[in-house]
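Residue strings, one per chain:
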Amino acid sequence: MLQRILSNDQPRSRVLAVLLLAVFVALALTPFIVPGVKALNVAAKILVFIVLVASFDLLLGYTGIVSFAHTMFFGIGAYGVAIASTRMGPGWSSILTGLVVALALSFVLALLVGLFSLRVRAIFFSMITLAVAAAFQTLASQLSDLTGGEDGLTFKMPEILSPSWQLFEEPVLGVAIDGRFVAYYLLFVAALVLFLAMLRIVNSPFGRVLQAIRENEFRAEAIGYRVVYFRTMSSILSALFATLAGAMLAIWLRYNGPDTSLSFEIMLDVLLIVVIGGMGTIYGAAIGSGIFVVAQSYLQDLLKHGSDAASGLPWLAALLSPDRWLLWLGLLFVLSVYYFPTGIVGRLRAARSAA
Amino acid sequence: MNENILTLAGVHTHIGAYHILHGVDLQVPRGQLTLLLGRNGAGKTTTLRTIMGLWRASAGRIEFNGRDITAMATPQISQLNVAYVPENMGIFADLTVKENMLLAARWARNIGQIDEARLQWIFSLFPAVEKFWNHPAGKLSGGQKQMLAVSRAIIEPRELLIVDEPSKGLAPAIINNMIEAFAQLKASGVTILLVEQNINFAKRLGDTVAVMDNGRIVHSGSMREMAENEELQHSLLGLAI
Amino acid sequence: QAKDIKIAHIYSRTGPLEAYGKQTQAGLLLGLEYATNGTMAVNGRKIVIIEKDDQGKPDLGKSLLAASYADDKVDLAMGPTSSGVALAMLPVAEEYKKVLLVEPAVADSITGEKWNRYIFRTGRSSSQDAISNAVTVDQPGTLVATLAQDYAFGRDGVRAFKDALKKAKVSHEEYLPPTTTDFTAGFQRIVDNLKDKPGRKVIFVIWAGANPPFAKLADLDLKKRYGIEVATGGNILPAMVPYNNFPGMEGASYYYFGFSKNPANLWLVTNHYSRFKTPPDFFTAGGFSAAMAIVSALKKTNGDTGTEKLISAMEGMSFETPKGMMTFRKEDHQAMQSMYHFRVAPGARPGAMADLHLVKEIKPNEMEVPIRNGRK
Amino acid sequence: MNFKDLDWKPLALVPLLALLVLPFIGSGATWLTLTVAGLAMGMIIFIIASGLTLVFGLMDVLNFGHGVFIALGAFVATSVLGSMGDYTGSESLLKNLLAVLPAMVVAMLVAGALGLAFERFIVRPVYGNHLKQILITMGGMIIGEELIKVIWGPLQIPLPLPQAMRGSIFVGDANIEKYRIMAVIVGLVVFAVLWLVLTRTKIGLLIRAGVQDREMVESLGYRIKVLFIGVFVVGSALAGLGGVMWGLYQQNVIPQMGAQVNVLIFIVLIIGGLGSTTGALIGALLVGLMANYTGFLVPKAALFSNIALMMAILLWRPQGVYALGK
Amino acid sequence: MLATKDLTIRFGGHVAVNSVTCAFQPGTLTAIVGPNGAGKTTYFNLISGQLKASAGQVTLDGRDLSGLSAAQRTRAGLGRAFQLTNLFPKLTVLENVRLAVQAARDGDHRRGFNLWSIWSDHKQLLERADEILETVALGDKEDELVANLPHGDQRKLEVALLMALDAQVFMFDEPTAGMNAAEAPVILNLIRKLKADASKTILLVEHKMDVVRELADRIIVLHNGTLVADGKPAEVIASPIVQEAYLGVSADRTGEREVPLPRPELRVVNGSGK
Ligand SMILES: Nc1ncnc2c1ncn2[C@@H]1O[C@H](COP(=O)(O)OP(=O)(O)OP(=O)(O)O)[C@@H](O)[C@H]1O
Ligand SMILES: Nc1ncnc2c1ncn2[C@@H]1O[C@H](COP(=O)(O)OP(=O)(O)OP(=O)(O)O)[C@@H](O)[C@H]1O
Ligand SMILES: [Mg+2]
Ligand SMILES: [Mg+2]
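Taken in sequence, the protein lines are chains F, B, L, R and W. As numbered in the numbering used here, the first sequence has no gaps in its residue numbers, which increase by one up to the final residue, 355. As numbered in the numbering used here, the second sequence has no gaps in its residue numbers, which increase by one up to the final residue, 1241. As numbered in the numbering used here, the third sequence has no gaps in its residue numbers, which increase by one up to the final residue, 2376. As numbered in the numbering used here, the fourth sequence has no gaps in its residue numbers, which increase by one up to the final residue, 3326. As numbered in the numbering used here, the fifth sequence has no gaps in its residue numbers, which increase by one up to the final residue, 4274.
Isolated chain F (complex conformation) (with noise of 0.2 Å):
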C-alpha cells in the first residue's frame, strides 16, 4: 500500500526515510507542537516550496532544462487567485476563477516556452527564460491597475480560511482552531497531494522518457520518442504545478507581489534547494524545502546569537551581523555545490549502496 502511494519509488536509504518521516510529522502537526504565528508561517511556506521545488525538479532533474521562468508560473497562480479574489471580492469561486484562468495562461506560455526552447542550445534557452522572467516582472509592475504595481495586491479569503474565523471559543489541545487553522491544512491536504502527484509522473514511463532526454536527447529521438512532445508536456505539467504552488502561497499570505512570487531570489532559493535536496530525486524537494526554509527563517536570529557571542572580536562581530546575513547565504550556495553534488538524497543513497 505504501509501496503503491509512493509510487515505488522507496526512499532506499534508511535515513532518508527517517527524515522524510520527520519532515512529514513536523509538517502536520506544526500547529500543535510549535506554537506561534512564525513558526506556522514558516511551515506554511516550506509546504509552498515543496510543491514549487519539486514541480522544478520535474522540469530540470528529470528533463535537464535549466529554466529561470518558473517563478514566472509560480507568480501567475499567485497572482490568478490575488487578482480575482481582489476584482470578485473573497469567495471560493473567486479563489477557482484565478485557479483556472491562471492556469490556462501557464498552459499557453509553457507550451510557447517550450516551443521556443527546441530552437536555440540549452544554454542561450536559461539565458533567454532570464530575460522572459524579468521581462514579465517589470510587466507585472506596469500593469498597476490590474496587479496593484509594485505594491502587489492585499486581499481577503472566504470566511472560514480568515483569521477572524472560529470553530470553538476555546482552544483545543492549546490551539485555537480558527481560519488560519483550517488555512494550514488546506495547504498541508494540497502539499501532500500534488507532492504524490509528481512521484507518480516521475516514475510512470513518461517520467522515464525524461530521464532519457536528460541523458541524450538524440539517441531518445532515435529510439522512437519524440523528444518535441516530451519537453513540451514536461515544460508544461511543472508550470502547471509550479502555478498550483503559487495559487497556495496566495491563499495562505492573503497578499502577492511582484517580489512576493516572481523576483529572482526566488528562483535562486528554488535552484539552491533543488540542488541541495538531490536533482531528479523528487524527495529531494521536501527534504531540501524543510532544510532550507528552516534556516533562513531563523538565520537572522541565529547570527544574532552569534555576533553578540563574537562581540568581543569586532571583525568577526560584523561578519556575523544579522544584516549580513546573505553573506552567509551566498557561502552557502558555495558549500552546498562543493559536499553535497548530488543532494543529500543522492548523498544518502550513495551511502548505503557503498556500505
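If you are wondering where the hints come from, they were derived from the structure by calculation, not from laboratory data. Be a bit skeptical, because a hint or two may be false.
Here are some, though not all, of the chain B residues that point toward chain R, as calculated from beta-carbon distances under 8 Å [what the hints assert, rightly or not]:
#	residue
1	Leu1054
2	Trp1055
3	Ser1078
Listed below are the simulated PhoX-like cross-link pairs for lysine-lysine, each with C-alpha atoms no more than 25 Å apart in a straight line [claimed, not checked]:
#	chain 1	residue 1	chain 2	residue 2
4	L	Lys2300	L	Lys2046
5	L	Lys2162	L	Lys2360
6	L	Lys2097	L	Lys2006
7	R	Lys3178	L	Lys2223
8	L	Lys2224	L	Lys2261
9	F	Lys304	L	Lys2046
10	R	Lys3202	B	Lys1131
11	L	Lys2195	F	Lys38
12	L	Lys2224	F	Lys38
13	R	Lys3132	W	Lys4005
14	L	Lys2097	F	Lys38
15	R	Lys3178	L	Lys2224
16	F	Lys156	L	Lys2097
17	W	Lys4195	W	Lys4232
18	B	Lys1098	R	Lys3202
19	L	Lys2162	L	Lys2363
20	L	Lys2277	L	Lys2309
21	F	Lys304	L	Lys2360
22	W	Lys4052	B	Lys1139
23	B	Lys1203	W	Lys4208
24	L	Lys2162	R	Lys3132
25	L	Lys2195	R	Lys3300
26	B	Lys1139	W	Lys4232
27	B	Lys1098	R	Lys3132
28	W	Lys4232	W	Lys4193
29	R	Lys3300	L	Lys2169
30	L	Lys2195	L	Lys2224
31	L	Lys2261	L	Lys2223
32	F	Lys38	L	Lys2073
33	L	Lys2195	R	Lys3178
34	L	Lys2114	F	Lys156
35	L	Lys2097	L	Lys2360
36	L	Lys2046	L	Lys2309
37	B	Lys1139	R	Lys3225
38	W	Lys4005	W	Lys4052
39	F	Lys304	L	Lys2300
The beta carbon of each residue, even a glycine, is placed where N, CA and C say it ideally should be.
Following the hints, position chains B, L, R and W with the ligands against chain F.
Below, chains B, L, R and W with the ligands without anything else, positioned relative to chain F:
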C-alpha cells in the same frame, strides 16, 4: 641509456570506488613497437591513461627515460615528448581540422611554422585530412576522425607514441597506410605503445607483446614467440592469430 | 517593577533600502533618548525596541508584524521603510487590533484608501511632498515638464504634483524605466517639447533610487542653451551630491539638518555629529519624530498601552519633532508637518556634500493636503 | 580570412538600424544626438561585457558573479579618485587622466586578484557544468556584494567625473557628452587588444579546445589549468575596468550595480554569439542604439527593447550573429 | 521492402550522398562498404531520418517516409545502431535497454501517459530487457552505469538497444569496431540469428572484409557518395574499384605514396625539447 624507455612497476589504479589496475608491470623497449592486447575491459585503456597522468596511480611507479613520472601532471608528461591518441579520439569538434592540427603542433604559432614536408607526408597517408582542412572536425566521418586523431599525434616528432585502437573504423586501404606510417616512425627511432584489437594490424607491426587480463599483465614476450605458439594464443587471447 | 513597553520596529535592515532603514533605527533610538531624557522609560515602564528585518519584502513584513503582535506581544509597532511592505502590513494591524505607526513609507494610500483606524503616520505622504514641491515652481506663465520613473511611485508623484499646481502649466510628462541609465532619449523628448516655447521653463524631476539624472542633465547645459531650469525634491544626503551640478536649483524637502533651529533638532544634530561624525539625514529625523510621537502618546495615557487608549490619545495629538510641531490629523492620522523650500547654494561644487540654503519653511497650514480615506 | 568568406551581414546591422529609424525620428539633430549617444553607450556596454566574452563566451563559464567584479572596480575607483581630489578637480584634462588612469589600473589589479581567488575557490570545481556554475557563482556574487557592503558600507557613494570630462560638445542642436567620446576610445582599445590576441595567437583556440575536451588539451602538452586561470583573471580585470567606466558614467556607485547589469551583458553576448569579440561589439552597439531609439519613439517599449532585440536576432541566427564552431 | 530513390544530400558544395537508388529485400543482409568518408553513415542517417535529404525519397513497403522525423521512422520499423557509441551514459545498462523496449510498445506506453498500471507493465518491460541483455552477454552488468563500461561492452549495448526495438529493418554501423576478436562473435552470432528470420532486412556497414565476406548476401559499394558497385560478395570484392579505392592494393599505390617521413633521425626532439 636505459633500454626500456618506459617501465611500469606494480601500478594500481582506482577509479572512484573501483579498483581497476591490480599491479601492472610493463616494459616498453626503446625504438620498438610494443603491443598491448587483452579482452574488453581488461584495463588496457586504463593503463594508457594512467601513464599519461589522466588517472592517478594509487600505488606503484612509472618511469619514463629513467624519470619518475608517476605523480606528474599530464601536460608535463606530454612535454617530455610523448604523444597520445585516446580511445575516444579526443577530436575538438568545434574546431576545424586545421585548428586541430595547429594545436597538436605545440611549437608552431601558426600553420606556416609547421614542418611542410611532414605535413605533406601526413596528407599522403591520410588524404581526408588535407581534403577537409578547413572543415569543422565534428563533421568528419568516423574513420576520418580517427585519421585526424593519429595525424595530430605525429605532426611533430615525439619520442614515445601511445595509441589506443587507432584502426577502428578505418578502411583497409587506410589501415595499410597507417601500418606503413608506424613502420616509418619506428624506423626513425620512435617508440610506440599500441593497444589494438585488429590482429592483422597487430601482427604486422608488433615487436613485443603484453597481454592484459583483469587489470594485470598476464603475459609478455616477443611477437615472434607469440605468433609461433598457437597454444599460447588460445590460452591468452581465445583465438588463433 | 512595571511591565516593559514593547515596541516592534520592522524595517529594511537589509535589502535595497538598507541605508534608509538604518537611519530610521538610529533616529528612533536617539529620539527615545531625547524624549525620555535618557531614561528610556515612561511612567516607570521601560521601553523595549524589538528590531525586525523585513528585507524589503512585503510578505515577510506582513508575517513579521503578525509575529510581533502575536508571539512577541508588542504593544505597538513601527515601520516599515518601503511602501509596498507597509501596504501589506496594514490589514495585520487591523486583525490584531494594535497600533502601527508608519515611518517612513510614503505612499498616499497608506493614509488613503488602504487606511484603517490603527494606522498612524509620522512620515510625510507623497501628497505632502508633491504639494510643497509645487509651491516652489508654481508661478504664472511657468511651463513644467516632469521627469519620473515609470512605476506607481513615479506616476503617483506626478499626479499629486499636477494636482497641487495652481498657476503653472504642465506641458509634458516623461516616464522612464525605473532602472534607466541612459537618459539621452528621455531628455531629447523633453527638450524637443520645451525648447521653442515661451516663458519660464522648468524640468521637475521625481526620481528615487541610485541613478538620478542630474549629472547628465547638467551636461546638457539647458539653462544656457534653451533657458530651461531644473527643479526637484529633497533626498538623503549622498543622493543630493549631484544637485551641486545646479547651483541655485530650487525644490522642497522633508528635512535638511541645517534648516530648523528648535531644541530637538539642535540636540539631534549635535548628538548625531558627536556619535556618528556625520549630520543627521532624512530618515534619521523621521525615526526621531516617530520616537517623539510614541513617547508623547504614552505620556498622555500615563504609560497605558491599551490600543483604544492610544488611539484616542494620538488622534489630534500635537507633538514636538526636529521639524517643529506635528499634529496627527483626526481624519486620517497623517501627521501634518512643515516642509522646506530650499535652494542649492550658489557656490556648490560638484562632488562635494550637498549644500542647501533655506528659502522658506512651508507651514502645515500653507498646504492643503487632501484627505483620501473617505473619512471626512 | 579572405573577403569572400567574410560574413558581412551582421556588420551591416548597425548602420542599417540607424538609417531605418531616421525617417521616424524626423529631426536630423535629434537623430544625430541619439545615434552618437547610442553608439557610445554601446561602447561602454561593450567594455563592461568584454570580460564576459572571455569568461562566458570562450571559457563557457556561466559566471553570474561577473557583476561583482564590475562593482568592485567601481568601488575601487571611488577610493582611488577620492584620494586624488587635486587631480580630479583640476580643469586640465591631462591631470584628470593622471587620476583616472591609475584608478583604472588599480581597479583592474584588484579585480584581477579577486578573480584569481574566485577561479580557485568558486569556479574550478564546476568547469563544464552549467547548472553548478549558476549556483556557485551566484553564491560568489552574493558573498562579493556583501563583502563590498562590509568594506564600503551599504550606502551609495558618489563618483563624480573629473572636471574636464564633464559637459558636452554641441554640434548645432545636437550634443555629444565628452565622457562618451572617451568611452569610445577606451572601448576601441579594448576591442583591438582582444581581437588581436584572440585571432593572432593560439590562446583563443586553446581555450575553446579546452572547454570541449580538457584532457585532450593536457595530453597535447598545454597547461590548461594555468591558461584558464590566466584568462579568468584577465576577464575579471576587464570587468574591473568596465566598472570604472560604468561608475564614472553613472557618477555614483552602489553595491548592487554589478547585479543590475548582469542580465544586460548576458544579452549582449548572446546576440553576439559566444566567443566572438566582434559579435559582442555588434551586440553592444545594437543594444545601445535600440535603447535610445525606442526610448525616444515608444518609451513604454524601451523596457522590453533588449529582449525583443535578442529574440529577433536568435530567430534569425539561433547561435547569435557570429558563432564560433557548432 | 526498404528502398531509396535518387537519395541525395549536400553539405555546402560537398555532395556526401549522390543520387543513390537501391532496394533492400527482407531476408537478405546487405553489406555497405566504401572508403572512409564515402557516405555510408550519411546514407544511414538519411534513411533513418537523422538528416533531411536534399533530394530523393526513402520508402518502406511502398510507404514514403521522407516527411517523417527520426522518431516516426523508428516507429515505422527502422532500427538503427550508431557508429560512434551513443547511449544514455548516466543510466544503468538495464534501464537503457528497458527504454528501448518501452519505445517499441504502442500507444500510451510510448507516450508515457500510463500513470496507473506501472508495476505490472514495468515488470514485463524489465523481463524483456533482461532477455535481450543475456543475448549480448551483458547479463551480469545490468546494474552498472553505462558511463563506466569499457568500450567493447558499450558496443554490445548499442546492439542490444537495436534488438530491443524489434524493428523490421536493422541498420548496423560497424557493430564490432573496437571489439576484441574473441568477443566480436557474440555480436556476429546475433546478426546471424537475425538473418535467419526471413522477414528482417539487414544493412551492415563494416570495414572488416572477413566479416563482410562471411555474412553478406550482397554488397554495395559507395565511393564519394555514389553507388559504384552492387552484387554478390565475391564479384564485388574482386572488382577493380574495390581493390583499388577501398582495399588499396592497386599497382600504382606505391606511386601515390611517395612521400616518406622526412629525415626522421634529425627530427626527434629530445627531452622536454625547447
Ligand atoms: N570511469 C570509470 N568508472 C568506473 N569504472 C571504469 C571507468 N572506466 C573504466 N572502468 C572500468 O575499468 C575496467 C577497465 O576498462 P578499460 O577501458 O581500461 O578496458 P579496455 O581493456 O580498454 O577495454 P576495451 O578493449 O573495451 O577498450 C572496465 O571493467 C571498466 O568497466
Ligand atoms: N553534417 C555534415 N556536414 C558536413 N559534412 C558532413 C556532414 N556529415 C558528413 N559529412 C561529410 O560527408 C562525408 C561522408 O561521411 P560519412 O560519415 O557518411 O562517411 P562514412 O562512409 O560513414 O565513413 P567512415 O567509414 O569513416 O565512417 C564525409 O566526407 C564527411 O566529412
Ligand atoms: Mg579500451
Ligand atoms: Mg561511418
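Do the hints match the structure? See the list:
1. Leu1054: Since the shortest Cβ distance to chain R is 6 Å, the answer is holds.
2. Trp1055: This interface hint is violated because 10 Å lies over the 8 Å limit.
3. Ser1078: holds, 4 Å
4. Lys2300/L to Lys2046/L: Answer holds: lysine 2300/L to lysine 2046/L is near 16 Å, not above 25 Å.
5. Lys2162/L to Lys2360/L: Judged against 25 Å, a Cα distance of about 21 Å means the pair holds.
6. Lys2097/L to Lys2006/L: holds, 15 Å
7. Lys3178/R to Lys2223/L: holds, 18 Å
8. Lys2224/L to Lys2261/L: violated, 37 Å
9. Lys304/F to Lys2046/L: holds, 22 Å
10. Lys3202/R to Lys1131/B: Distance ~23 Å between lysine 3202/R and lysine 1131/B Cα, so the pair holds.
11. Lys2195/L to Lys38/F: violated, 58 Å
12. Lys2224/L to Lys38/F: Judged against 25 Å, a Cα distance of about 59 Å means the pair is violated.
13. Lys3132/R to Lys4005/W: violated, 49 Å
14. Lys2097/L to Lys38/F: Given pair lysine 2097/L, lysine 38/F holds - Cα atoms ~18 Å apart, limit 25 Å.
15. Lys3178/R to Lys2224/L: holds, 18 Å
16. Lys156/F to Lys2097/L: holds, 17 Å
17. Lys4195/W to Lys4232/W: Given pair lysine 4195/W, lysine 4232/W holds - Cα atoms ~16 Å apart, limit 25 Å.
18. Lys1098/B to Lys3202/R: holds, 12 Å
19. Lys2162/L to Lys2363/L: Holds, because 20 Å separates the two Cα atoms, which is no more than 25 Å.
20. Lys2277/L to Lys2309/L: violated, 40 Å
21. Lys304/F to Lys2360/L: The hint is violated at about 45 Å.
22. Lys4052/W to Lys1139/B: This hinted pair holds, its Cα atoms lying about 15 Å apart.
23. Lys1203/B to Lys4208/W: holds, 16 Å
24. Lys2162/L to Lys3132/R: violated, 51 Å
25. Lys2195/L to Lys3300/R: holds, 23 Å
26. Lys1139/B to Lys4232/W: Violated. Lysine 1139/B to lysine 4232/W sits at ~32 Å, over the 25 Å cutoff.
27. Lys1098/B to Lys3132/R: violated, 33 Å
28. Lys4232/W to Lys4193/W: Since the Cα atoms of lysine 4232/W and lysine 4193/W sit roughly 21 Å apart, the hinted pair holds (cutoff 25 Å).
29. Lys3300/R to Lys2169/L: holds, 24 Å
30. Lys2195/L to Lys2224/L: holds, 11 Å
31. Lys2261/L to Lys2223/L: Violated, at roughly 34 Å.
32. Lys38/F to Lys2073/L: The given pair, whose Cα atoms are some 13 Å apart, holds under the 25 Å limit.
33. Lys2195/L to Lys3178/R: Measuring from Cα to Cα gives roughly 22 Å; hence the hint holds.
34. Lys2114/L to Lys156/F: holds, 13 Å
35. Lys2097/L to Lys2360/L: violated, 40 Å
36. Lys2046/L to Lys2309/L: Given pair lysine 2046/L, lysine 2309/L holds - Cα atoms ~18 Å apart, limit 25 Å.
37. Lys1139/B to Lys3225/R: Outside the cut-off at roughly 28 Å; violated.
38. Lys4005/W to Lys4052/W: holds, 14 Å
39. Lys304/F to Lys2300/L: Answer violated: lysine 304/F to lysine 2300/L is near 35 Å, above 25 Å.
Going through the hint list in order, the structure does not satisfy hints 2, 8, 11, 12, 13, 20, 21, 24, 26, 27, 31, 35, 37, 39.
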